[in-house]
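**Student:** Protein chains in written order, with my numbering: chain A, 17 to 221; chain B, 17 to 221.
Wrong hints could be hidden among the right ones.
No copy is singled out in the list; a pair is fine if it fits within one copy or between any two copies.
Unchecked claim - With a straight-line cut-off of 30 Å between C-alpha atoms, the simulated BS3-like cross-links for lysine-lysine are:
{"hint": "1", "residue 1": "Lys177", "residue 2": "Lys23"}
{"hint": "2", "residue 1": "Lys108", "residue 2": "Lys169"}
{"hint": "3", "residue 1": "Lys23", "residue 2": "Lys135"}
In case anyone wonders, no lab produced these hints; they're calculated from the structure.
The chain contents come next:
Protein chains: 2
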Amino acid sequence: MHEDLLKRQQQPLLIVISGPSGVGKDTVVRRMKERGLPFHFVVTATTRPQRDGEVDGLDYIFVSREQFAEMIERDELLEYAIVYDDYKGIPKAQVRRALASGQDVLMRLDVQGAETIRKICPDALLIFLSTRTEEELIRRLERRQTEAPEDLKLRIATARKELRRVDLFDYYVVNAEGELDHTVDTIMAIIQAEHHRVSPRQVRL
Amino acid sequence: MHEDLLKRQQQPLLIVISGPSGVGKDTVVRRMKERGLPFHFVVTATTRPQRDGEVDGLDYIFVSREQFAEMIERDELLEYAIVYDDYKGIPKAQVRRALASGQDVLMRLDVQGAETIRKICPDALLIFLSTRTEEELIRRLERRQTEAPEDLKLRIATARKELRRVDLFDYYVVNAEGELDHTVDTIMAIIQAEHHRVSPRQVRL
Chain A
17 MHEDLLKRQQ
27 QPLLIVISGP
37 SGVGKDTVVR
47 RMKERGLPFH
57 FVVTATTRPQ
67 RDGEVDGLDY
77 IFVSREQFAE
87 MIERDELLEY
97 AIVYDDYKGI
107 PKAQVRRALA
117 SGQDVLMRLD
127 VQGAETIRKI
137 CPDALLIFLS
147 TRTEEELIRR
157 LERRQTEAPE
167 DLKLRIATAR
177 KELRRVDLFD
187 YYVVNAEGEL
197 DHTVDTIMAI
207 IQAEHHRVSP
217 RQVRL
Chain B
17 MHEDLLKRQQ
27 QPLLIVISGP
37 SGVGKDTVVR
47 RMKERGLPFH
57 FVVTATTRPQ
67 RDGEVDGLDY
77 IFVSREQFAE
87 MIERDELLEY
97 AIVYDDYKGI
107 PKAQVRRALA
117 SGQDVLMRLD
127 VQGAETIRKI
137 CPDALLIFLS
147 TRTEEELIRR
157 LERRQTEAPE
167 DLKLRIATAR
177 KELRRVDLFD
187 YYVVNAEGEL
197 DHTVDTIMAI
207 IQAEHHRVSP
217 RQVRL
């Protein structure tokens, strides 16, 4: 009877976890990985220096500027952007492979990257992570202390601007301090619900 | 920053659990009640005879045909319909009161009723319950045995017609045999997700 609809509901989703810098995108995605969820977690290529505790090929693919330039030239990236002097990009082949295998593909992207994905794939599922207040966001950025003071200032200004781009997104989730699991539960509910739409999203890349 | 959005996300939803006769609407809603979920479960007024185990005022408001006619005349019903010779209707005041108190309002309705709600309130959240196959639906109707054979035939024909109205709905959920809790979990995920939309539904009655 509704075999066709059921089949379309099972088609994989292209899920973007985004939001301003400092909102906890990495932490949220790491917790999702820890839960062993059946997603393909996209590994982003980046030219930025490896931070303590980060594993190459798992957290990011760390590449040189030269290698990154080659990936751009060969059109191997779904999207890329300059983020605070460093390049970040999503390997196209990796995403296509995962979608072809039927897995939901999940990636964390800055707001600029999410905008690009929306243009490439209008039916992508875009989730905006936020803090409860602007003050909390700034506090988290300050606490991070991986940047020089002038970088921090730039990051705060960018975050403020990014907070205004929420209309581009499908869902808005507050990642409140100390409630990481609640945030992950909400994201999981959103993904589950999306697989029951009468008009399923159509991911084409 | 996004105080207005957060406020609009918390606005109560008008949720309709619908689907063809025999699909298990009553059982699903009963399980939701058992879980003590913080919804207002609408109590439908009906002229049909009370079945074993049903409690007046809790499962339905059982009224006479005369009483029902008065409710129609006084425009006290949000929607009403003739279902197999019996009248069923949703008391308007009850729904308005619940929404005003900030509670999500949940009602089970036949497909015809869901259509009416869509017209009255385009932003209502409509969930279509289904079985995995048409054969399973017919089997469930036969098993019920509350009707005379000619009524059963009519019910099957209606169910078949109702299965084709799925496009009216927002979500499609299979209530598979023996997986009642999974069905309820899915509905809960849908409601949770809906409270995180960047464009929240606007319920006006």
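**Student:** Confirm or reject each hint.
**Tutor:** Hint check results:
Taking CA atoms no more than 30 Å apart as the test, lysine 177 paired with lysine 23 passes between copies only; the shortest distance there is 21 Å, against 40 Å inside one copy. For the homomeric pair lysine 108 and lysine 169, neither the shortest alpha-carbon distance inside one copy (33 Å) nor that between copies (54 Å) is at most 30 Å. For a Cα distance limit of 30 Å, the shortest separation of lysine 23 from lysine 135 qualifies both inside one copy, at 25 Å, and across copies, at 29 Å.
The structure fails hint 2 only (numbered hints given earlier).
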